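S.K.: Taken in order, these protein sequences are the chains called H and B.
All you need for the numbering used here is the position in the first sequence, starting with 1, plus 21.
All you need for the numbering used here is the position in the second sequence, starting with 1, plus 203.
Hints are computed from structural coordinates only; laboratory data are not their basis.
Keep in mind that a hint or two might mislead.
As the list claims (entries may be wrong) - Lysine to aspartate or glutamate pairs mimicking EDC-like chemistry, simulated, CA-CA at most 16 Å apart: (1) LYS342/B with GLU52/H; (2) LYS340/B with GLU52/H; (3) LYS232/B with GLU325/B.
Unchecked claim - Looking from chain H toward chain B, a few residues come up when the C-beta cut is under 7 Å (computed): (4) ALA30; (5) MET31; (6) PHE33; (7) SER34; (8) VAL40; (9) ASN43; (10) ILE44; (11) PHE47; (12) GLU52; (13) ALA55; (14) CYS58; (15) THR59; (16) SER60.
Predicted model, so just to flag it, every value in this text is computed and none were measured.
Glycine residues also receive a C-beta, built at the ideal position from the N, C-alpha and C atoms.
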Amino acid sequence: MASSNSTLAMSFSDFPEDVQINILSFLSPSEVSAFACTSRRFVALCGAAAPNSPLWLAICERRWGFRTRPRSWVSSSASFARLYKALDRWEHLIGFWRRIGHGGPGTPHLVFFEWGPSYIAGSRVSPAPDAAGGGYGVLKVPFLWLGLSQHGELVSFLHPGGRLDSSADLLGSVSDSSSSSSGVADPDLVPVSVSFMGCSHFVVEENRSYFADAREVDSIGVLEEIETSSPPDRLMSEIYQYFAIRTSPGGDKAMRRPRKKERERSGGRHLWEAEHFVKINKYYPTPERPLQGLWKGFSEDMILEFYLVSYDDIGGITCRRVGEAGEQFSGYSPVFWTSNTTFLESPFSSDEQDLYANREQICPVNADGRKSSDSSGVVSRILCINSSYDLVIPGLSASSGDPRNVEGRIWEYDDGTFGFGFLRNNYIIDLKHIAVNEFLLDIVEDL
Amino acid sequence: MAKMIKLVSGDGAEFEVEEEVAFQSKIIKDIVADADDVIPLPTVSSKVLIQVIEYCRKHAAVNSFPLSPSSSAAAAASSSSSISYSKPVSDPALRAWDNEFVKLNNSSLFDIVIAANYLDIEELVDLVLETVADRIKGKQAQEIRRQFNIENDFTPEEEEALRRENSWAFQNN
Chain H
22 MASSNSTLAM SFSDFPEDVQ INILSFLSPS EVSAFACTSR RFVALCGAAA PNSPLWLAIC
82 ERRWGFRTRP RSWVSSSASF ARLYKALDRW EHLIGFWRRI GHGGPGTPHL VFFEWGPSYI
142 AGSRVSPAPD AAGGGYGVLK VPFLWLGLSQ HGELVSFLHP GGRLDSSADL LGSVSDSSSS
202 SSGVADPDLV PVSVSFMGCS HFVVEENRSY FADAREVDSI GVLEEIETSS PPDRLMSEIY
262 QYFAIRTSPG GDKAMRRPRK KERERSGGRH LWEAEHFVKI NKYYPTPERP LQGLWKGFSE
322 DMILEFYLVS YDDIGGITCR RVGEAGEQFS GYSPVFWTSN TTFLESPFSS DEQDLYANRE
382 QICPVNADGR KSSDSSGVVS RILCINSSYD LVIPGLSASS GDPRNVEGRI WEYDDGTFGF
442 GFLRNNYIID LKHIAVNEFL LDIVEDL
Chain B
204 MAKMIKLVSG DGAEFEVEEE VAFQSKIIKD IVADADDVIP LPTVSSKVLI QVIEYCRKHA
264 AVNSFPLSPS SSAAAAASSS SSISYSKPVS DPALRAWDNE FVKLNNSSLF DIVIAANYLD
324 IEELVDLVLE TVADRIKGKQ AQEIRRQFNI ENDFTPEEEE ALRRENSWAF QNN
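Excised from the complex, chain H in its bound form:
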């Protein structure tokens, strides 16, 4: 009930300003704009265009303060309402994505986006070589950074090689940045634009107008500080902090991008192809979908691979490798699938027990040549699976083969992980989680 005697009743306007801001920081932008229309005082307080608006900073802090430092994304004169828009838009990037279409050979397919203090960083995730990290290690190499420029514009940069050749280059680039008005501080950084096509698909393309703008303004010579000519200092220092501790003496010369002058001379050719990414929405199991998610395990070739298990709308489960290297048209062949998701519960028939008991778990081998087998635990449930979409008709000799060729099992362990194998051989491929709670597990340093 609203108070009937308005001259004695307290007004929202009587609250101290910090209390007002605190209350309004719970609102969405459209609700804020409704509130702004109540009086002159609140138009001023809620104004989106105002620089340093304490209300819009509070809104950003309340929504993203646990994950990033909203204040450090922008310089002092920036509009926090713009920051809100940027964060609201780019928040969708957080998590795992899968690269689709063509790409450089050997470029990992799995990509992981996470919050930084003043940016969002995307990293390519791939199995670590040489059984690093106890065999299940993964490499996480940042390659894409998204932040805000001095003037509140969205900017994003990509480093194609994923590493700098030497620290000397690094220092040389830094000292150039203040004096150079014609280009990016680090010529290996490619300005890109990140465009969403719906929520689950985005494209990263070279942003060629980035340099064009800089040249135009140069010729006029009016502005001393050119807005789009160099990346924001804060963003650059964060990027350098990552690279500064990773120097590679020999360098990966093959991956080195041409310097900016060469790019200009190339006269407009795209030197870096656009990449498309599709979201992996469900990378962790749920109680209703215990097998779903991103997993890693050793294939029969003793190579660490990534697998994605998804549930479809008609009650089936499919597992595919993430990134069939070099196979553009892999024919969609799954690693395993099933349309019946009813598990067999314990106690298991003796046939089933035999099926499991005589198998060998594929494990990484230690430096001393011995298998590091960590026992995965007791089998709690079993599921029947198939490894091929080929139709197998029992009794028909011309069919693609013995049903035993394609039939297999999933053995779910009591710790929530599972292993799978097929009747045609004696292996078990045990799978482990790639990430938990938005944190990648078993990250190995990229040295």
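Guided by the hints, dock chain B onto chain H, whose structure is given.
M.R.: Below, chain B without anything else, positioned relative to chain H:
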């Protein structure tokens, strides 16, 4: 033997509360550290003080300590120092109790906002501020003014222009 603190309301009524209940107010905790155990609160009426004490008593038993490390970093970074992002109450029974507690008319709710802010009782502040925000959501400006006693100091032309401008700016949200 629990140590008792005596609180005196604006209209002179005295309330004895256990120390751990009273110390949910950072202000009271600071005052007791320096002075004696009788604390005058001239700006808080008995009616409001009773409600605040009721809240503190309920929460004293399940007191989760205020700022988690990540939220203290966020609070430190923000320019408005009064913003604290303490963890939401996780116990469902306590949350249900809180929801009942804030079933008040706007006038009473506002009184508690002022008192909780003055006494610096973090969880209560968060609770009542969010409650007020919930009452703003979904309302148009005219309704908000009526409910919260905000004076409309626009001319009709200004108001119309503003409404058009703002709704256009935030159309996609």
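S.K.: For each hint, tell me whether it holds in the structure or not.
M.R.: The hints, checked one at a time:
no.: 1; hint: LYS342/B with GLU52/H; result: holds, 8 Å
no.: 2; hint: LYS340/B with GLU52/H; result: holds, 6 Å
no.: 3; hint: LYS232/B with GLU325/B; result: holds, 13 Å
no.: 4; hint: ALA30; result: holds, 5 Å
no.: 5; hint: MET31; result: holds, 4 Å
no.: 6; hint: PHE33; result: holds, 4 Å
no.: 7; hint: SER34; result: holds, 6 Å
no.: 8; hint: VAL40; result: holds, 6 Å
no.: 9; hint: ASN43; result: holds, 5 Å
no.: 10; hint: ILE44; result: holds, 5 Å
no.: 11; hint: PHE47; result: holds, 4 Å
no.: 12; hint: GLU52; result: holds, 5 Å
no.: 13; hint: ALA55; result: holds, 6 Å
no.: 14; hint: CYS58; result: holds, 4 Å
no.: 15; hint: THR59; result: holds, 5 Å
no.: 16; hint: SER60; result: holds, 5 Å
Figure legend: structure checked against the earlier numbered hints; every hint is met.
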